[in-house]
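> One-letter residues, chain by chain:
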Amino acid sequence: MPESCIAFNDFSYTYEDGACALSGVTFSISRGESVGLIGHNGSGKSTLLMHTVGILEPDSRVIVSGLPVTRENLKTIRRRVGYVFQNPRDQLFMSTVAEDVAFGPLNMGMPPAEALRAAEKALSLVGLDGFGERTPYHLSGGEMRRASIATVLSTSPFIVVMDEPSSGLDPRAKRELALLIRSLTCTRLISSHDLDFIRDCTDRIILLNHGRIVADGPAGEILGDRALLEENGL
Amino acid sequence: MHHTHIDRYAGLESPIHALDSRAKLVAVLAFVILVVLTPNGWFLTFGLYALLVGAAMAVSKVPCGYILKRSLTILPFALAVSIFIPFITPGNALWTFHFGLFSAQLTDTGLVKFFSLSLKALLSFFATITLVATTPFGDLMKAAGALGMPSRMVVVLSFMYRYLFIIIDEASHMILARDLRGAGKKSILLASGGIVGALLVRSFEHAEKLYYAMLLRGYTGKPVTLHSSHLHLRDIVITVVFFTCSLAGLILGKFLYA
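Residue numbers (the numbering used here), protein chains in the order written: chain W, 870 to 1103; chain D, 283 to 540.
Same shape as in the complex, but just chain D:
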């Protein structure tokens, strides 16, 4: 079965795809930190950040619809955190609601904070999704390893990704088998429990065999790789320029708002 969900656009050719994955990871991490550090209400700065991310998205050739759709799946989590902020932040009341004995006030500072937080979340999502969409998962893991992520964690994440497809395959086969045997509403619940249990046992079995397969081929715990990637001057220049532009936005905000 073919699953191209995760690495669907990782094979495209664009200047963003061609960037070294370590450089991309550093650039995105630095960008997200700058976005988070930007004080609420600096909308011009946010606008500049949006221009930068937008440019990167456009150059990467990854369809904007895809990035927006992926962001929409994470946005509810951000909204769940920020939705009450307009009502609990002290400030000038714009609107007062009355629910019987209770009342709530929508404040101006609350709204500014809410929009700023939502923008920060969106900008971070866009940058991260562009990074993930333009980098094959294996390269991303290698970059994370090179930047100091513990090797065990890199190995665990890589295998999670590698075997996700197999688990999805097995789950879909079992679900099909359940449905083909005409499972009714009640038995669907029962069968689903069985499917989850069977998947757990099968993943244990896979993990055990996989570990033996690695041991038999001389695995010692140290990750090995065929391709040693080289950081080119171009990668460093683009990362530095991207970071400087983001920083310029922050400094501009400081002059405008502080």
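So that you can see chain W by itself, here it is in the shape it has in the complex:
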């Protein structure tokens, strides 16, 4: 396992309609770091996250888990990265929670009994013991979010990437989610524009504005700089 888990080297991305989403983005994240990605709506947070798993277009200027994100490496990278979508409804698609959480391990070739154990372990990690047989669409917002995180934890990823995990959660669910993210030991990259939440669950912050990195440093330092935040639409 290399020291640098995620690295972007002078990375730019323009959508087909000509909208420039990211420009000259350079940063690297070390193993075990918990990094928050903040920025106003449309600042390029989601685009950046999607490039870590090659959703939009694989690009070798992005290095994930020691491998450039190219078509050939996608399978390996996607095994190592757990990606949690913004809307849990996009993440939970099987008929029971257990099947959803076991979906990743089963696809990676784990035998059903072992996959079930991995699923139960992941569910217990997110505080959803005994939820296995429930149907995902009957869960509350907070439970759905935790279940969607369990779906990636069950594959024991090296890196967890989360897109706006706190959206739509009440304050208590948010605090619990922040604690859960804190308790993980893998490398974490979390996007949000909820500053209190990001303070609770990350140590380092990358601030994006119109596709450019305007600040990168310790969470306390950046979140304490009101002028900087206001200047960048937060």
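Be careful, since some hints might not be right.
Claimed, not checked - With a cut-off of at most 30 Å between alpha-carbon atoms, the simulated BS3-like pairs for lysine-lysine come out as follows: (1) D:343 to W:944; (2) D:504 to W:990; (3) D:402 to D:467; (4) W:990 to W:944; (5) D:395 to D:351; (6) D:491 to D:504; (7) W:944 to D:491; (8) D:343 to D:402; (9) D:343 to W:990.
Unchecked claim - Which bits of chain D does chain W cover? Going by a derived footprint, with three or more residues having C-beta under 8 Å, they are: (10) 482-496; (11) 501-507.
Said to hold, decoys possible - Examples of chain W residues lying across from chain D (beta carbon under 7 Å, computed): (12) 976; (13) 979; (14) 985.
Worth flagging that the hints you see were computed from the coordinates, not collected in a lab. Using N, Cα and C, we set each Cβ at its ideal position, and we do this for glycine too.
Could you slot chain D onto chain W? The hints should help.
Showing chain D alone in chain W's frame:
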């Protein structure tokens, strides 16, 4: 939001619920084929079929009212096909109608055919609805897959079922938003067009994200499942007994009517 419409009674406990979904699907398919193959006018045979389905319905604990109500929603389609049969089948005229220049005859063979077709439709509905009501949709799809339905079709149907709830939710939110803004009769039509369009775009978006979510978790196109179901001797025995009783009805009819 909670939607329990489709799987409302799938969680009950009864010998029918406990049957393996593959066995149930085979039994119902075979039963429907036998019902369809039974010649018109073999009412005793139909009576025996009704007893069999009735017994299954009673044992399943699914309220009869629910099964009847569900059948009523499909019955008009069957009636639309069979309603003219009494008038167009040749036979002994029971009654002749005159509408000016036109006349129509109600014939005895026509009536027998009409009642037989309606009974066949009803019996098939009862059997199918009992199957669907006592089997969770996911299990039904797994059974269909195990019995040779192409995996792509199983996946598409499963997702249709899974996302139906989300689409219903979104549609009801948009309808509420439309009504809360005081849409009048004319604007309701306009807004409904917009709602359908928005739903279409949203389902595309859901589908795209969902596909990525599956790919990112290693989906290769092969369906994976946590529970491998085992066919027990009991499942086979019950299916065979059910089929034999239905077949006995057909054979009895052959002695009585042929």
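> Give a verdict on every hint.
Each hint, compared with the structure:
no.: 1; hint: D:343 to W:944; result: violated, 48 Å
no.: 2; hint: D:504 to W:990; result: holds, 25 Å
no.: 3; hint: D:402 to D:467; result: violated, 43 Å
no.: 4; hint: W:990 to W:944; result: holds, 24 Å
no.: 5; hint: D:395 to D:351; result: holds, 24 Å
no.: 6; hint: D:491 to D:504; result: holds, 19 Å
no.: 7; hint: W:944 to D:491; result: holds, 18 Å
no.: 8; hint: D:343 to D:402; result: holds, 23 Å
no.: 9; hint: D:343 to W:990; result: violated, 36 Å
no.: 10; hint: 482-496; result: holds (count 6)
no.: 11; hint: 501-507; result: holds (count 4)
no.: 12; hint: 976; result: holds, 3 Å
no.: 13; hint: 979; result: violated, 10 Å
no.: 14; hint: 985; result: holds, 6 Å
Of the numbered hints stated above, those contradicted by the structure are hints 1, 3, 9 and 13, listed in ascending order.
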